[in-house]
Amino acid sequence: MKKNLAIVVVLMLCGAMLFAAPAKKITVLGVWGGQELDVFNAMCKAFTDKTGIQVDFEGTRDLDAVITTRVEAGNPPDVAGLTGPGKMIELANRGKLADLSKILDMNAFSKNYAQGWKDLGSVNGKLYGIFMKAAVKGLVWYNPKAMKAAGLEEPKNGWTWDDMLAASAKIQAMGKTPWAVGIESGSASGWVGTDWIENIFLRQNGPQMYKDWYEGKVSWTSPEMKKAWQTFGQIVADPKMAYGGAAYINSTNFGNAAAPLFQEPPQAYFHMQASFIQSFIMNQFPNAKPVTDFNFVGFPSINTKYSKAMEVAADLFVAFRSTPEVKEFMNYIASAEAQAFWAAGTGGLGTNRNVALTFYPDALTKRAASLLNDTEIVVFDASDMMKPEMNNAFWSAVVSYVNKPSDLDSILANLEKVRKDAYKN
Amino acid sequence: MNSQTILMLAVAVLGVPLLLVGYITLSERLLGSAAHKRSSSVRAIFWIAPAVVLLVVFLVYPIITTIILSLKDAASRGYVGLANYKYVFTDRNMLLVLRNNLLWLALFTLVTLTFGLLIALLADRVKYEAVAKSIVFLPMAISFVAAGIIWKFMYDFQPAGAPQIGTVNAVLSAVIPGYQPQAWLFNTATNNIALIVVGIWMWTGFAMVILSAGIKGIPTDVLEAARIDGANEFQIFRFVTMPLLAPTITVVATTLIIDVLKIFDIVYVMTNGNLNTEVIANRMYKEMFNYHNYGRASAIAVILLVAIIPVMIMNIKRFRQGGANA
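These protein sequence lines map, in sequence, to chains S and Y. Reading the first sequence from the start, the letters are residues 0 to 424 in numbering that gives the first Met the number 0. Reading the second sequence from the start, the letters are residues 0 to 325 in numbering that gives the first Met the number 0.
None of these hints come from the bench; they were simulated from the model. Glycine included, C-beta positions come from ideal geometry on N, C-alpha and C. Just to be clear, a hint being listed does not mean it is correct.
Claimed, not checked - Below are the DSS-like pairs computed for lysine-lysine, each with C-alpha atoms no more than 27 Å apart in a straight line:
1. S:Lys-419 / Y:Lys-71
2. S:Lys-117 / S:Lys-101
3. S:Lys-423 / Y:Lys-85
4. S:Lys-419 / S:Lys-210
5. S:Lys-86 / Y:Lys-71
6. Y:Lys-71 / S:Lys-416
7. S:Lys-216 / S:Lys-86
8. Y:Lys-71 / S:Lys-95
9. S:Lys-419 / Y:Lys-85
10. S:Lys-423 / Y:Lys-71
11. S:Lys-403 / Y:Lys-71
12. S:Lys-23 / S:Lys-210
13. S:Lys-416 / Y:Lys-85
Stated by the list, open to error - What follows is a set of in silico ranges between Cβ atoms, one per label pair, in the way DEER data are often shown:
14. Y:Leu-94 / S:Pro-222: 27 to 37 Å
15. Y:Ala-169 / S:Gln-171: 23 to 33 Å
16. S:Glu-214 / Y:Lys-261: 36 to 46 Å
17. Y:Thr-189 / S:Glu-152: 34 to 44 Å
18. S:Lys-307 / Y:Asp-90: 47 to 57 Å
19. S:Leu-36 / Y:Arg-124: 49 to 59 Å
20. Y:Leu-137 / S:Arg-352: 56 to 66 Å
21. Y:Ile-149 / S:Gln-171: 35 to 45 Å
22. S:Gly-157 / Y:Leu-101: 50 to 60 Å
23. Y:Leu-97 / S:Ser-221: 29 to 39 Å
24. Y:Val-15 / S:Leu-36: 31 to 41 Å
So that you can see chain S by itself, here it is in the shape it has in the complex (with noise of 0.2 Å):
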């Protein structure tokens, strides 16, 4: 009698899905949490308005792995929001990855995306990729209350790494730190710090040698390559330079790390990382305002031929699949609609040219939003080109640095191993 009991709850159960299952949907993997997910189920609230269409995500902070674990199943998600291009690359040689220019209105995309967006979402002449949600790369915040009170003058953009290095030794006067680093990151830790390294190799050497770094074909232990880190270590490897020392950079969550420069006294008074990281410092300091008390100039410039280069990061769109639904998603993801949402609720820079600046919260967004539509050389992150085993080796090789600037030999000559190891085929 118990036994027919169960088979009549599963039979009931198989017909209420069937009549259940809604007519069309979509399912999306990233890596929102928080308020950027709530910028996304937004996005896609528009979306299922306008089309129908539902969208169900799944979060997740080990993206790699969970892709990795799905399409060796055979059973990716429809579209997936990456962090950087590193995976579309690797997805796109596999062949598991959609291409784009099938199903987006590629006249649309040609006039709203600049090219550098393109070249960088495609793999071997095919569009893989859309880029939504930029930040530019290397910029220095600082706070101008706390530098008047102090009697020091506001960084200038267009500042050389001399005049940084002035300002920081007039501070260095005063008994106090210039800088205020943190690298901790969970598994990514040393993350920032390799944006250092990318925005000093990229001021010192130019644009086509940075690509040629992440296309693997520089050795890590040649004389450029020391001297980046060398510069970098200007400011790590010094405890008078970096509040806190070694272990208080190491340590340090990047999140936090712009803290000691709102403190009262101000610990610290520069502190470099994207532009991302003003909707951290709103967030722990609610009080503190855009512009006038915190602000930013650009990274300062080394070999002035280069000063117009600008490092960018940018999570990105890719699908597995070409359904109708997919095209859909996929042109609306595309669209200055879609991206205003990012743009209004991160301060995430849009890359469709056509984001108004209006939708950008402040004049501080705005001005980097400007930046980036202005800038002549435009970069991605060189660690997120990297191959995996190349960039996780970067991160942990900065996290070592720091801990150890005198063993910065040892450390290249074990990178220059994984290179050739990673990038022999």
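Fit chain Y to the given chain S structure using the hints.
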């Protein structure tokens, strides 16, 4: 929860038991019609068949596949012989990983066992035994990830002069005058030990509970006889308790060794293997999921398996002996 998930849950919760009940009912029917004499040996085969099938599908087949993959290149296209094994035993970073696992193996197992035994012996002699044992056992109930996060806060570092929010540095700077705060997880001299301490904190409770049960199982008349013969407490421990407890200690030790070889979560959450703290399982995870080098990941898995086999055999032997004694 979407409809697909509900369907799968229904199948798992209701379908699997139904299937097995159906299978057994059916096989009993068949046996009933067969000749009575041979039915008992045939029945054994019927009853054990599902377990054997499951073992082959979920254990034997993956092991063989892993061994084959470990002989192939990163993308599992062509055979590379023993190159992956050579990498594991010669690469500088891999050797560091193996060294760390040995460190974990020695320190974690010895200290956890010692503390577990000590606490079990001492708790046996006090009135508030239940409370004391509960407190020591509590961390066992926490997941490794949660423990890692808790201890990350415990080890938090702020520069000298700033308020210390990490318990370890806060206590030490309150007790020791002129103490310089330490970044326990970011100093190559202390970070491995700091991680192992978290493991010990979690597993001492386990060792204690099993050993405590072993101590309770020692007959009191043996202890009384020793006392009457004039043995002091230390002699009783050394010559009566220890030998009688030896089988239990072996079981606890082998369980701890198997655990420590698989250690992953604590390292993943707290340092992710940075600054020379990587262990075998983390390396395997990275090779597999981050670098997509299936060959090397499989080679590491095979080595881990081979390392665990002798311990497993020892454990099974102990179980058998225990069964014979009981």
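Comparing the hints with the structure gives:
1. The suggested pairing of S:Lys-419 with Y:Lys-71 holds, with an alpha-carbon distance near 19 Å, which does not exceed 27 Å.
2. Only pairs whose Cα atoms come within 27 Å are accepted, and S:Lys-117 paired with S:Lys-101 is accepted, the gap being roughly 14 Å.
3. Restraint check for S:Lys-423 and Y:Lys-85: the C-alpha separation of about 17 Å stays at or below 27 Å, so the hint holds.
4. Pair hint S:Lys-419 plus S:Lys-210 holds up; C-alpha atoms about 17 Å apart against a cutoff of 27 Å.
5. The suggested pairing of S:Lys-86 with Y:Lys-71 holds, with an alpha-carbon distance near 23 Å, which does not exceed 27 Å.
6. Note on Y:Lys-71 and S:Lys-416: the hinted pairing holds, with a Cα-Cα distance of about 21 Å set against a maximum of 27 Å.
7. Straight-line distance between C-alpha atoms of S:Lys-216 and S:Lys-86 comes to about 19 Å, which keeps the hinted pair within the 27 Å bound.
8. About 22 Å separates the Cα atoms of Y:Lys-71 and S:Lys-95, which keeps this hinted pair within 27 Å; it holds.
9. This hinted pair checks out: S:Lys-419 and Y:Lys-85 have alpha carbons roughly 17 Å apart, not beyond 27 Å.
10. Taken as a hint, the S:Lys-423 and Y:Lys-71 pair is honoured in the structure, with Cα atoms around 16 Å apart against an allowance of 27 Å.
11. The hinted pair formed by S:Lys-403 and Y:Lys-71 fails the criterion: a straight-line CA distance of about 37 Å is larger than 27 Å.
12. Restraint check for S:Lys-23 and S:Lys-210: the C-alpha separation of about 42 Å exceeds 27 Å, so the hint is violated.
13. A hinted pair counts as satisfied when its Cα atoms are at most 27 Å apart, and S:Lys-416 with Y:Lys-85 qualifies at roughly 16 Å.
14. Restraint check, Y:Leu-94 to S:Pro-222: a C-beta distance of roughly 29 Å satisfies the suggested window 27 to 37 Å.
15. Separated by about 29 Å at the C-beta atoms, Y:Ala-169 and S:Gln-171 satisfy the suggested range of 23 to 33 Å.
16. Checking the proposed 36 to 46 Å range against S:Glu-214 and Y:Lys-261 shows it holds: the Cβ atoms sit about 38 Å from each other.
17. In this structure the hint that Y:Thr-189 and S:Glu-152 lie 34 to 44 Å apart at CB holds, the actual value being about 42 Å.
18. Between S:Lys-307 and Y:Asp-90 the C-beta distance comes to about 42 Å, which lies outside the given range of 47 to 57 Å.
19. Between S:Leu-36 and Y:Arg-124 the Cβ separation comes to about 55 Å, which falls inside the hinted range of 49 to 59 Å.
20. At about 58 Å, the beta-carbon gap between Y:Leu-137 and S:Arg-352 stays in the expected band of 56 to 66 Å.
21. The given range of 35 to 45 Å is respected by Y:Ile-149 and S:Gln-171, whose C-beta atoms sit roughly 38 Å from each other.
22. Taken as a hint, the range 50 to 60 Å holds for the pair S:Gly-157 and Y:Leu-101, whose Cβ atoms sit roughly 55 Å apart.
23. For the hinted restraint 29 to 39 Å between Y:Leu-97 and S:Ser-221, the CB-CB distance of approximately 31 Å keeps it satisfied.
24. Roughly 35 Å separates the CB atoms of Y:Val-15 and S:Leu-36, a value that falls within the hinted 31 to 41 Å.
Of the hints listed earlier, those the structure fails to meet are numbers 11, 12 and 18, in rising order.
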